[in-house]
Amino acid sequence: MASTAIRVLLAKVGLDGHDRGIKVVARTLRDAGMDVVYSGLHRTPEEVVIAAVQEDVDILGVSLLSGVQLTVFPKIFALLKEKNVNDLIVVAGGVMPDEDVVAIKKMGVALVMLQDTPPKEIIASLQQLVAERGPR
Amino acid sequence: MKTPKTISQISTQDTATEAEKWQAGEVAGFLARAPEAREQFYTAGDIPVERTYTAADIADTPAQDIGLPGKYPFTRGPYPTMYRSRNWTMRQIAGFGIAEDTNERFKFLISQGQTGLSTDFDMPTLMGYDSDHEMSDGEVGREGVAVDTLADMEALFADIDLEAISVSLTINPSAWILLAMYIALAEKRGCDLNKISGTVQADILKEYMAQKEFIFPIAPSVRIVRDMIAYSAKTMKRYNPVNISGYHISEAGASPLHEAAFTLANLIVYVEEVVKTGMDVDDFAPRLSFFFVSQADFFEEIAKFRALRRCYAKIMKERFDAKKPESMRLRFHCQTAAASLTKPQFMINTVRTGFQALSAVLGGAQSLHTNGYDEAFAIPTEDAMRLALRTQQIISDETNVTQVVDPLGGSYYVEALTNEYENKIFEVLGEIDERGGTIKLIEEGWFQKHIADFAYETALRKQSGEKPVIGVNCHKMDESDVKIETHPYDLETAKKQISRTRRVRAQRDESKVQALLDDLVQTAQDDSQNIMPVTIKLVKAGATMGDIVEKLKTVWGVYRETPVF
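Just so you know, the protein sequences line up as chains A and B, in that order. Per my numbering, the first sequence starts with residue 1, numbered consecutively. Per my numbering, the second sequence starts with residue 1001, numbered consecutively.
It cannot be assumed that every hint is accurate.
[Stated by the list, open to error] Beta-carbon label-pair distances, calculated as ranges:
no., chain 1, residue 1, chain 2, residue 2, range
1, A, 99, B, 1511, 28 to 38 Å
2, A, 74, B, 1436, 31 to 41 Å
3, B, 1029, A, 101, 52 to 62 Å
4, B, 1035, A, 74, 54 to 64 Å
5, B, 1404, A, 30, 44 to 54 Å
6, A, 50, B, 1164, 19 to 29 Å
7, B, 1488, A, 30, 49 to 59 Å
8, A, 120, B, 1390, 12 to 22 Å
9, A, 99, B, 1390, 38 to 48 Å
10, B, 1296, A, 102, 43 to 53 Å
11, A, 30, B, 1437, 29 to 39 Å
12, A, 51, B, 1449, 49 to 59 Å
No lab work stands behind these hints, which were simulated from the structure alone. All of these numbers come straight from a predicted model, not from anything done at the bench. C-beta: ideal position from N, C-alpha, C; glycine also.
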């Protein structure tokens, strides 16, 4: 079977404009052969979830440097549940306190990539998450 | 015995010849035994550097370009006596929760010896949303203080003498509304507006390039900045109505060269816009102010600051025909580099910040914010801010670096690098002109692409170890037991904030606010008018920031960027 490229939606949710990290990640994943869609800034959880479904991505990556992770992720997971999306891998990136990392992982975030995570490690972690999920 | 020659007796040619002999002799002999770590060394900004520098490297520099402090082109400092007569302003930024929370932090910082205030606003305030807008959910008072109405502003500066302390408002697309509130507050307290000193950032162009806080399309946004500069020049003679910022360009990933050049490209647009209104450049240029980062490459940052002063002076004199020396001397606030802070071994961030702060001081900053050691986790705690302030106080009071103006002036390396920065900055500005100017290039994503490219390269260099980051890619340690207490967020914040905003709305004269909003629309539609007066009336009448911004969206629309990476 021909291997298909991993599809990723990278999203900025809320009013946060810090896009340095997400753009580095976008380029890293694109250069690694993944199909990358970047939402652009200032999206709502609804817009992001709809886009993830429409684009049929394997991974949704949300970047937050504004401290709103405990508001945004519950909304995203509630919307995913509402739409019966069960196989989407949700990952996070940005700046956040350790206790919030623990909290969002409990909600279902598969991986949290904080600042200075090496690009190679990001690629490997995402490939591994998709491999663990298995074919759809 | 022959008396050795003094420096003045040696020609540049002799120096160059001597250096060549040294390369062939001592250096070659040494290299044969112990090679250098690398074939070529570079600054963090990718500029190749030599083994050492001599008088020959700066021999072609026009003497005036180095000159003396407080004299055109101000390479050595904007003032002749610098810190000997007036120290830089120690200005730690603060902002969280509702106005009362931040007011308390302000008072704490003043009690610890801070000499200026700087206000961080929450994302809804920065983006022009009221606290009860759905986009504000989770963000109210989180990353900064929430301000919707004049009532918030009153609480924010309660018991603080606005004539006695300078206040910086770190805000951009909605900045003119905050400035209007500040003016309204000062008037209400009976202050003399000409005694009010402070700064509002209001540098919208770097938002499209880097920080990405924008509301309206570029043209009306630049017009707002123009109006703020023009209004303030006439009514508040000590106030800086714009703080043209390289900081965010750098933090978004740009090289120091691009930080410097892009900032001056933005300056050029603002000056052109204000001059178009018929105002003389010398009537407003003395109040233009700047904001740069201080990154880790010590001498490169110092050279960058010195070159920026020289380039600014030349641009104002040659391009804009300024006549007053005050219009040609660049004054800047500086902040240490937040993106250089690490989560691993977070206490070492204090050391990083200390060196960065020292380069800001040796580079001649007028105002300085030193970052907290905990800012790779969250906004800083009181403890982290105290330590950061103490770092500045040590530089100021214990090291004696403040006693001599521009102590690195004449350093062959620093002067050569300053020259190189000046040349490269003018090259970039020339390219921007050739390609059609700053606004066109923002729309094309040209700046954004340059910034993203350097950010990406930096990430790769950290990964390979070529750019060492202590605790991250070298000198790591197990920290599984390390705990840090971060700034807490009060979950009641939004409720408290929204209740005050709703109270203001309920108590105001609604018909008056609506009539003023109609005036606002008319003013917005007529580019020849100034938007400040009607905005001041609006905030005094109890209009919220959201009322004003939403109304203007109906006139101007909103900006959406096409991302490039």
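> Which hint numbers does the structure go against, in order from smallest to largest?
Replying inline: 1, 2, 6, 7, 8, 9, 10, 12
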